[in-house]
Every structure is written in structure tokens, then in C-alpha cells.
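> Chains as they are written, first to last, in the working numbering: chain B, 367 to 562; chain W, 323 to 550.
Because the hints were derived from the structure by calculation, they are not lab data. Misleading hints may appear alongside valid ones.
Computed spacing ranges between beta-carbons, pair by pair [unchecked claim]: (1) B:Ser447 x W:Arg507: 34 to 42 Å; (2) B:Glu513 x W:Arg404: 12 to 20 Å; (3) W:Val443 x B:Gly442: 28 to 36 Å; (4) W:Ala435 x B:Arg467: 35 to 43 Å; (5) B:Ser447 x W:Arg371: 26 to 34 Å; (6) B:Cys537 x W:Arg507: 44 to 52 Å; (7) B:Ser447 x W:Glu368: 14 to 22 Å.
Quick reminder that beta carbons are idealized off the backbone N, C-alpha and C, glycines included.
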Amino acid sequence: MSNPIWKIERRLGAEAPSDSRLIAAVARGDRRSFEALYRRYYPRLFGYLLNLVGSRELAEEVLDDTMVVVWQKAGGFERRSKASTWIFGIAYRRALKGLTRRRREPETAESARVLDELSAPDSPERDLGRKELRESMFSALAELSIEQRSVVLLAYFEDLPYSEIASVLECPVNTVKTRMFHARRRLRALLSAEAQ
Amino acid sequence: MKMEILGGDHVRELLPWFLIDALEPAEAKRVAAHLEVCSGCRAEVEAERALRDALRAAATPRIAPHASSFVRLMEQVEAAERRRLGTRALRLGSVVRERVERWLTPRRLRIAALVVAHNVVLVLAVVGIMSSGGRGQPEAVPDAEQAPRFETRSSERPLGAHRLRIVFRDDVAIWEIVDLLREQRLELVSGPSQVGAFEVEAAVDAELAGVVEHLRRDPRVRLVAGWP
């Protein structure tokens, strides 16, 4: 009784529980499953939110907000979409609210600096090269609208199919394709202008 | 079956997902078939691959959460739960108040005042008759068994078989209580009472003495009653 089912299964050599299973346990108030879900999603959500909102403080705040909603609404998760889609959808909407609350646009310089701090140190030359690359990438990403930026991040950093991105952003699939098309065009133009 | 031929514009839209292998197999096949015959789209694939690689190279390795961050998150979860409960109680309170205000018209108020006054007069009259009738007679002292029983907020009501009454420390979170009850296979019967006591029932096959001993050793439990 003291262990959630998935912990016992793990001890018996079974595979880690699925996200849906963890969410079902969270709906019953299982705190340990909630912690497992949090630890599983933190790295992905933090990366996505940091690139989306451009500030470490706001990214952490939105991540916590997202997980509070996951705790409260776990009972309403109906498995019509994948668990990751559901969680990223919450994160996206909380990020929009967070940005509106702070009435500001993402700070690219801060994203790049935070990512530098978080990365493992390499040789000084490679570090410098990576730093420059990051700065130019993030300033290019910051030029996109938040919707376009979100599509790029979910496709290229999270490898999500367009149908899932449409569920996350709650928009038609054709809108996702169009946003990605324009975002790519703009990113390429910005990056080539910077290279010259 | 004849494969549908995709136009260049459509293929260009799908290229990001073709590159990350996130298209449906049939769609991926159609894109690949188009790329075989279209040099413009093949060049587009290469440009797109370069963009994707540059973005990914700029990305950071994924980091695990700090050890204390989950504790901080749970504090927020509990604060949100408290806010939600508080809002619900406030909403209920305002509904009740609104209904009472709507009911209390001046006419109804006058009737209510008359009823109260009538009852007060009646009670005073009964008390007066009883006290005058009993005057001069020695007052009987009730023995212990006949003495009326009073119940206060802290009086203990008798507990049923396999039932316990538990008081937790003030700083114990709700989820900890739920975990502890689940761990000891205790079913919540009622509570918390006005003094913060929970009444719980143990499983039929549970060894109650062991459960009580476990609870009494738990630092989160302040008091366990119902077992010698």
C-alpha cells in the first residue's frame, strides 16, 4: 500500500510507467507519481519555456503554474490526445498568460546567457563559437511571433508531428504548416543577414 | 493503388516533419517520391536541414530539476488548493446571504419579530410557574448515574469497533494524511472535527494494535485514541 503500483512494477523489473498511467495516479492524489511526472517533464518543459518566454525566472514560474494545473486537472485528462500534447498545451497557454501578465516580449540575450550557464564547459574556442551561434539563433527566434516560435520549438526541439502541434496550440493543422513555413523563411533570412 | 502526386508547395510545407521523421508513412512516401523528381525541393531539403541543425546545435543539454524545486512546487499546489476551497466557501456564503436578504422583506421581518416575542413570553411564563411550584421543597441531589451528561467540543463520543480517532500535527499537509491513511489501510469515516480529529476505520483483517503503534510512532501524528 505504501508504494504506488508503478514503483512495485519497477522493483520487479517492469518498464517505467507511461505518462497516462502517472496522470491517472495523480488524479487519485498520488504525490509520488506527480513527482515522477514532474521529474520526467521538467527538462523538456524548461527548455521549451525558456526559449519561448526568454527569461529563466518566467520560465520557472510558468513551469510551476503548468504543473499545478496538471495536478488540479489530471482527473479531466481523457486520453484523447497524448499526455505530452496535453501537458505542452497547458504550458503554452500558461506561457501566453505569463507574458501578458508581465507585458513583455522574450529577452533573447537572457535565454542565450542562461543556456550558456547551463551547458557543460568545453574548450574556450568552441565555447565562444557556441555562444555566438546561440546569440544569433535566439535573436532570430525572438523576431518571430510567439505562435511561430512555438511551432518551430515544438517541431525542431521536441520532434512533434504537425497534428500534435495543432493540438498543443489549439489551431488547425494547416495553420501550423503555414506558421512553420513563414517562420523558416524568416529565420533563414535573419540568419543569412547576420552572417553577412 | 495509384499514389497521389504532391505539388512542390505542399511538399515544402511538409519538409520540416519529413526531416524529423514525423510524417505518416504514406505521406512520407509521397514526399520522397516528389523529391526524386524535383531538384528545387531537394535543394530546399538541404537548406532546411542546415537550419534545423543550427537550431539544435544552439540548444542546451536538458537539465534535471533542482532537488528543492519539487518541494516548492508542492507548496504552490497546496496554496492553490486552499485558495480554491476558500473561493468555493465564499461563493456558498454569498449565495446563502443573498437568499436570506431576498427572503427578509419588511413584512416577513415584522412577522418573525412577533413570533420571537410570543415565544419569549411563553418561555418566561413556563419558567415562572415551575419555579413557584417547587419553592420550599428540598432540592434532590442527583447521584452520579442520574446526573445529566454534558457534551463539550472535546468530549469523546464512543467509537465503533475497529475505529480510531487521530489528530495530526498542524503543519501536516493533506496529501501526507491521505498517504498515511492509505499506507495503513484506514478508511476515513469523518473529520476533521472542530478539534481537528479524524475518525477512521481499519480494514477488517488489520491488526489494530500494530496500526496504532505505527501511528503513535509517526512524528506527524499528535494523538491516536480508541485503542488501549
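> Indicate, hint by hint, whether the structure satisfies it.
Here is how each hint holds up against the structure:
{"no.": "1", "hint": "B:Ser447 x W:Arg507: 34 to 42 Å", "in the structure": "36 Å, holds"}
{"no.": "2", "hint": "B:Glu513 x W:Arg404: 12 to 20 Å", "in the structure": "35 Å, violated"}
{"no.": "3", "hint": "W:Val443 x B:Gly442: 28 to 36 Å", "in the structure": "58 Å, violated"}
{"no.": "4", "hint": "W:Ala435 x B:Arg467: 35 to 43 Å", "in the structure": "52 Å, violated"}
{"no.": "5", "hint": "B:Ser447 x W:Arg371: 26 to 34 Å", "in the structure": "29 Å, holds"}
{"no.": "6", "hint": "B:Cys537 x W:Arg507: 44 to 52 Å", "in the structure": "48 Å, holds"}
{"no.": "7", "hint": "B:Ser447 x W:Glu368: 14 to 22 Å", "in the structure": "33 Å, violated"}
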